[in-house]
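Visitor: Residue strings, one per chain:
Protein chains: 2
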Amino acid sequence: MTHESRLGRLLQQLLWGRRTAALATLQTLPGAESVPFTTPAVSFVPYAIDSTAQVLVLHVSALAAHTRNLRQSPAVSLLITAPEDAAQPVHALERVAIQGQAVLLAPEAAASARAAYLRRFPEAAPMTALGDFQFVQIIPSVGRHVAGFGAARDLSAEELKALLTS
Amino acid sequence: MTHESRLGRLLQQLLWGRRTAALATLQTLPGAESVPFTTPAVSFVPYAIDSTAQVLVLHVSALAAHTRNLRQSPAVSLLITAPEDAAQPVHALERVAIQGQAVLLAPEAAASARAAYLRRFPEAAPMTALGDFQFVQIIPSVGRHVAGFGAARDLSAEELKALLTS
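Line order of the protein sequences matches chains A and B.
First residue of the first sequence: 80, per my numbering; consecutive thereafter.
First residue of the second sequence: 80, per my numbering; consecutive thereafter.
By construction, these hints were calculated from the structure, which means they are not laboratory data.
Cβ atoms here follow ideal geometry from the backbone N, Cα and C, with glycine treated the same way.
Possibly wrong hints are sitting among the right ones.
What the hints assert, rightly or not - To give an idea of the interface, some chain A residues facing chain B are shown, with a C-beta separation under 8 Å as derived from the structure: (1) R97; (2) Q151; (3) V155; (4) R174; (5) E202.
Said to hold, decoys possible - Some chain A residues well away from chain B (every beta-carbon gap over 10 Å; in silico): (6) L102; (7) P162; (8) E163; (9) A176; (10) R193; (11) A203; (12) D211; (13) T244.
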């Protein structure tokens, strides 16, 4: 196996093996001079993978700050990290950061996202019946995968989409 | 123990027991019309706690994107999450998100940060000797602690600082 294909295998295991991510959004606060003041906000999100649409899928509450932020600005960044091991150093922990665009799905357009989400999180079914939750696609644009010391590489949208198909 | 003090105990265990966080920064790309285009960026960071200064401590490389971002805009958001348990649902996983300001420390001002960092990460000592790494204080402003379903609360700077002192 080449170095590249070994890293690809590791990343696929990370993406499909983990269930939660950190989601960074832009939080725009009204400014005094019509110039809005923007800060980053990071929140915890369970995620699923919709391999048909080649996207990551979130399920967000209308009441959540990140949902308000996504409505104002769809640019997001998502971090998925291998688990900390109490006995091991953490600096070389495997992770992937994915830049993307969020698309809030109308209920009638969410069938594929819903199926992918409930496949991973069957326990979330009652929440998906509530009207104030919505499915969100994260369409990846670029990424950065760190698999350990000296094992980092940039990922294109095409590489990321390929990883989300299987 | 009151509900509040039980949550405080849980949060203290989370902050002192975990070693890594997701750091959201603002990434500002040069715009065509002198209006810069801003996106969020999230990255993986090991963190320590400097209980003397009541801050979180990071150690960043001059080459890292988050370091460039911090120099342009010190507003950050940090997420610390309890470990996923393979046998358990993840939606109610405990986490805390902390909004704060980053202060890049000159080497001569970094003694307390360095001591706190090396207490937690003795294996990082060789990296702290490199000239292209720098210590960063994260001064907390507000936070949001979710300890489970129906157990969420906002945290003030004072509450966060108290949690960082012991």
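Visitor: Decide, hint by hint, whether the structure agrees.
Guide: Hints versus structure:
At its closest, the beta carbon of R97 of chain A sits 7 Å from a beta carbon of chain B; the interface hint therefore holds under the 8 Å criterion. Against a cut-off of 8 Å between C-beta atoms, the interface hint on Q151 of chain A is violated, since the closest Cβ of chain B lies about 12 Å away. For V155 of chain A, the shortest C-beta to C-beta distance to chain B is roughly 6 Å, which falls under 8 Å, so the interface hint holds. Of the supplied interface hints, the one on R174 of chain A holds, with its beta-carbon coming within about 4 Å of a beta-carbon of chain B, less than 8 Å.
A hinted interface residue such as E202 of chain A counts as satisfied when its beta carbon comes closer than 8 Å to some beta carbon of chain B; here the least separation is about 5 Å, so the hint holds. Distance check for L102 of chain A against chain B: the nearest CB is about 7 Å away, which does not clear 10 Å, and the non-interface claim fails. For P162 of chain A, the non-interface assignment is contradicted: its Cβ lies about 6 Å from the closest Cβ of chain B, within the 10 Å cut-off. Not every CB of chain B is more than 10 Å from the CB of E163 of chain A (nearest about 6 Å), against its label as outside the interface.
A176 of chain A, annotated as away from the interface, has a beta carbon of chain B within 10 Å; the closest lies near 6 Å. The Cβ of R193 of chain A lies farther than 10 Å from every Cβ of chain B, with a closest approach of about 16 Å, so its non-interface assignment holds. A203 of chain A, annotated as away from the interface, has a beta carbon of chain B within 10 Å; the closest lies near 7 Å. With a least beta-carbon separation of about 15 Å from chain B, D211 of chain A lies farther than 10 Å from that chain, consistent with its non-interface assignment.
The claim that T244 of chain A lies off the interface holds: its Cβ sits roughly 23 Å from the closest Cβ of chain B, which is beyond the 10 Å cut-off.
The structure fails to meet hints 2, 6, 7, 8, 9 and 11 from the earlier list, while all remaining hints are met.
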